[in-house]
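Protein chains: 2
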Amino acid sequence: MKKAGILGGGQLGRMLLQAAINYPVETFVLENDLHCPAAHLCHHFVKGDITSFEDVYNFGKDLDVLTIEIENVNQEAIELLEKDGVKIYPSPAALKIIKNKILQKQFYKDNQVPTSPFIITQNIQELEQQINFLPAVHKVGTGGYDGRGVQVIQNKDDIVKGFDIPAVLEKSVDIKKEIAIIIAVDDKDKTAIYPAVDMVFNQQLNTLDYQISPAELPEKILWKAEAIALKVVKELKSPGIFAVELFIDLDDNVWVNETAPRVHNSGHHTIEGNYCSQFDMLWRIMLGYPLGNTAPILPAAIVNLLGAKGYTGIATYQGLEEIMQVENIFVHIYSKKETKPGRKMGHITILSKEKQELIHQANKIKQTVKVIVE
Amino acid sequence: MKKAGILGGGQLGRMLLQAAINYPVETFVLENDLHCPAAHLCHHFVKGDITSFEDVYNFGKDLDVLTIEIENVNQEAIELLEKDGVKIYPSPAALKIIKNKILQKQFYKDNQVPTSPFIITQNIQELEQQINFLPAVHKVGTGGYDGRGVQVIQNKDDIVKGFDIPAVLEKSVDIKKEIAIIIAVDDKDKTAIYPAVDMVFNQQLNTLDYQISPAELPEKILWKAEAIALKVVKELKSPGIFAVELFIDLDDNVWVNETAPRVHNSGHHTIEGNYCSQFDMLWRIMLGYPLGNTAPILPAAIVNLLGAKGYTGIATYQGLEEIMQVENIFVHIYSKKETKPGRKMGHITILSKEKQELIHQANKIKQTVKVIVE
Numbered sequence: 001m002k003k004a005g006i007l008g009g010g011q012l013g014r015m016l017l018q019a020a021i022n023y024p025v026e027t028f029v030l031e032n033d034l035h036c037p038a039a040h041l042c043h044h045f046v047k048g049d050i051t052s053f054e055d056v057y058n059f060g061k062d063l064d065v066l067t068i069e070i071e072n073v074n075q076e077a078i079e080l081l082e083k084d085g086v087k088i089y090p091s092p093a094a095l096k097i098i099k100n101k102i103l104q105k106q107f108y109k110d111n112q113v114p115t116s117p118f119i120i121t122q123n124i125q126e127l128e129q130q131i132n133f134l135p136a137v138h139k140v141g142t143g144g145y146d147g148r149g150v151q152v153i154q155n156k157d158d159i160v161k162g163f164d165i166p167a168v169l170e171k172s173v174d175i176k177k178e179i180a181i182i183i184a185v186d187d188k189d190k191t192a193i194y195p196a197v198d199m200v201f202n203q204q205l206n207t208l209d210y211q212i213s214p215a216e217l218p219e220k221i222l223w224k225a226e227a228i229a230l231k232v233v234k235e236l237k238s239p240g241i242f243a244v245e246l247f248i249d250l251d252d253n254v255w256v257n258e259t260a261p262r263v264h265n266s267g268h269h270t271i272e273g274n275y276c277s278q279f280d281m282l283w284r285i286m287l288g289y290p291l292g293n294t295a296p297i298l299p300a301a302i303v304n305l306l307g308a309k310g311y312t313g314i315a316t317y318q319g320l321e322e323i324m325q326v327e328n329i330f331v332h333i334y335s336k337k338e339t340k341p342g343r344k345m346g347h348i349t350i351l352s353k354e355k356q357e358l359i360h361q362a363n364k365i366k367q368t369v370k371v372i373v374e
Numbered sequence: 001m002k003k004a005g006i007l008g009g010g011q012l013g014r015m016l017l018q019a020a021i022n023y024p025v026e027t028f029v030l031e032n033d034l035h036c037p038a039a040h041l042c043h044h045f046v047k048g049d050i051t052s053f054e055d056v057y058n059f060g061k062d063l064d065v066l067t068i069e070i071e072n073v074n075q076e077a078i079e080l081l082e083k084d085g086v087k088i089y090p091s092p093a094a095l096k097i098i099k100n101k102i103l104q105k106q107f108y109k110d111n112q113v114p115t116s117p118f119i120i121t122q123n124i125q126e127l128e129q130q131i132n133f134l135p136a137v138h139k140v141g142t143g144g145y146d147g148r149g150v151q152v153i154q155n156k157d158d159i160v161k162g163f164d165i166p167a168v169l170e171k172s173v174d175i176k177k178e179i180a181i182i183i184a185v186d187d188k189d190k191t192a193i194y195p196a197v198d199m200v201f202n203q204q205l206n207t208l209d210y211q212i213s214p215a216e217l218p219e220k221i222l223w224k225a226e227a228i229a230l231k232v233v234k235e236l237k238s239p240g241i242f243a244v245e246l247f248i249d250l251d252d253n254v255w256v257n258e259t260a261p262r263v264h265n266s267g268h269h270t271i272e273g274n275y276c277s278q279f280d281m282l283w284r285i286m287l288g289y290p291l292g293n294t295a296p297i298l299p300a301a302i303v304n305l306l307g308a309k310g311y312t313g314i315a316t317y318q319g320l321e322e323i324m325q326v327e328n329i330f331v332h333i334y335s336k337k338e339t340k341p342g343r344k345m346g347h348i349t350i351l352s353k354e355k356q357e358l359i360h361q362a363n364k365i366k367q368t369v370k371v372i373v374e
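From first to last, the protein sequence lines stand for chains A and B.
Numbering-wise, this note's numbering puts 60 at position 60 of the first sequence, and it's gapless, one number per residue.
Numbering-wise, this note's numbering puts 346 at position 346 of the second sequence, and it's gapless, one number per residue.
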């Protein structure tokens with residue numbers, strides 16, 4: 001039985017372990033928080049810091065395969081583990097590019113992948129010199145996650161919001177819509193593409209508001225987007241699951257926004273919405289099985305359940321009973337002990353043939369379900 | 001967060017815990033085997049004997065809800081727990097009837113549920129007096145499971161194979177086919193019926209060979225079967241999941257064979273084949289959520305993976321890669337450490353629009369996948 005490790009024990013680890021139950025595999029999780037969402041679902045929970053060389057190396061050295069739940073893991077340790085023969089998904093080389101938003105933008109440019117124009121800034125002084133480049137988005141090179149480490153810089157007055165560490169200033173694109181495409185790559189470079197999803201963002205928190213799959217796009221643009229996403233993944237030369245986020249601008253140009261080298265929020269609907277989920281797919285890759293079927297069962301939407309404003313403490317969930325009365329609504333609670341405003345506490349998937357029904361139910365869920373304090 | 005316990009830690013517990021991951025629930029398992037399939041998937045594993053009053057009572061006394069994985073649990077303990085206010089699925093009263101095949105047959109008779117004629121025998125001497133009643137099937141009152149405790153008594157010569165303990169002798173029915181219907185009942189007596197499944201048995205081991213859902217039956221017989229299954233469940237007056245196994249005889253009469261008051265092998269295809277699986281459904285019932293959607297996504301077949309003849313020891317699985325190349329084939333390995341001939345080690349689900357394809361793939365899986373020793 002293969003030994004498989006996950007660096008990080010949040011909701012992605014949790015859903016990965018849920019899918020692992022189908023296979024003969026011994027599971028390990030490295031995470032500091034003893035009460036994290038994945039802690040009780042693995043064979044072996046190891047308390048430790050995913051950013052520590054020693055913790056990651058010791059965790060990984062006896063494993064057959066290793067994956068990540070978050071990009072921010074100790075790079076030197078996974079590079080050494082790879083040399084030692086541990087198979088790592090994604091490859092440390094691909095992760096190194098993606099985890100630093102400066103390197104990631106440079107990678108797109110070097111490989112002729114369409115992405116918005118950008119300038120690298122080392123500090124706030126360098127940012128101040130780029131007033132003519134505005135409006136733009138300032139993103140820290142490393143350490144950002146889920147909307148943190150990202151600032152919109154509309155004009156001169158916003159410069160103070162910028163980052164005084166190495167960052168990338170990306171020219172604002174007039175976006176018609178944002179989509180995500182998840183691609184699976186196995187050890188033999190075979191790929192499987194999931195249908196694109198439309199992502200609708202909460203502008204305040206810069207987190208996903210809801211998403212609908214398949215994305216509504218003219219076929220020609222869809223093909224272009226798929227070709228570009230596939231090119232990103234091919235150039236990364238790594239097995240694993242990749243979520244490529246793309247902008248469609250007002251002129252129907254397709255730009256790569258960013259790529260995640262792991263299972264991703266934009267693929268959570270695949271648990272019920274597609275024959276093979278992104279989580280199942282990653283296990284197929286890591287355990288050397290054939291890739292699964294990415295075809296949709298029905299169109300799907302998901303709504304993230306975020307901690308309600310004004311509530312910090314032991315979480316409780318309002319309104320689940322009400323929305324579960326609707327056919328084909330599926331609840332996923334991550335069982336994080338404490339909620340705080342904007343924290344991802346779960347997600348809810350809706351399946352329906354009718355797109356209007358998906359939107360209607362997504363809005364109803366947002367109004368009905370609240371994560372508050374007991 | 002509700003505290004939910006499972007008595008038993010085998011594959012049913014494993015798949016229940018897989019479904020529990022979606023919900024806010026704290027899970028407990030009572031089981032003697034530290035390496036059982038469910039051991040590492042719950043919040044709290046308690047080593048203990050499900051047939052011991054003390055172990056079951058102590059395990060259950062602080063729980064909100066409790067369910068079973070196998071009928072053979074300590075009856076007095078769950079009756080006391082119910083009095084103490086623990087909600088138990090199925091109710092101890094229903095379980096008491098079902099766990100004893102003599103009481104179960106009597107229950108069908110008392111409630112005018114069609115079932116084959118039977119005679120209760122206390123010992124082998126009483127069996128010897130029933131030669132005129134043969135051919136028949138002799139089943140022990142308590143302690144039988146998965147084909148153990150069942151003997152076909154064709155004629156006088158077979159009497160020696162009968163049981164010298166309280167048992168029920170059931171008149172043989174000339175069976176055209178055997179089907180199973182799974183029914184969910186919630187706390188408010190609402191019910192949801194899964195489509196019937198055709199069960200095909202291995203005559204040697206008396207275990208399920210493969211099954212196909214939905215069952216192929218004239219609508220009139222299907223309605224009769226559903227009405228009878230529903231009557232069984234209504235008369236049991238208990239919430240939970242029930243698998244009613246029925247015979248269709250050569251004259252298209254429908255007879256209840258037996259009922260399981262829990263998630264059941266005949267419902268494993270519902271994980272991928274139906275919008276709400278039997279495991280998800282039991283959590284909805286236990287946590288007070290609305291019943292889920294029992295509609296099929298596609299027709300499904302399952303094949304049980306049994307330990308190959310001649311192999312006893314640490315299990316390994318041959319042929320998974322090959323069969324997983326076929327679209328919509330889903331593997332479930334229970335991760336039992338040791339295999340032995342005939343032991344249930346996993347199951348494989350096939351989805352396809354075409355019934356012929358289901359049968360073809362089921363046979364291919366049986367030829368290709370082997371559970372042997374490393």
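Quick caveat, the hints were computed from the structure, so don't treat them as lab data.
Careful: at least some of the hints might be erroneous.
Since the list gives no way to pick one copy over another, a pair counts as held whenever it fits inside one copy or between any two copies.
Cut-off 25 Å, straight-line C-alpha distance, at most; resulting in silico cross-link-like pairs (BS3-like, lysine-lysine) [stated by the list, open to error]: (1) Lys364 - Lys220; (2) Lys231 - Lys3; (3) Lys190 - Lys139; (4) Lys340 - Lys3; (5) Lys340 - Lys2; (6) Lys139 - Lys171.
Hint check:
1. Lys364 - Lys220: Result: close neither inside a copy nor across copies, 33 Å intra and 40 Å inter.
2. Lys231 - Lys3: neither (31 Å within a copy, 48 Å between copies)
3. Lys190 - Lys139: neither (32 Å within a copy, 53 Å between copies)
4. Lys340 - Lys3: between (35 Å within a copy, 24 Å between copies)
5. Lys340 - Lys2: between (37 Å within a copy, 21 Å between copies)
6. Lys139 - Lys171: This pair counts as within: shortest intra-copy Cα distance 11 Å, inter-copy 77 Å.
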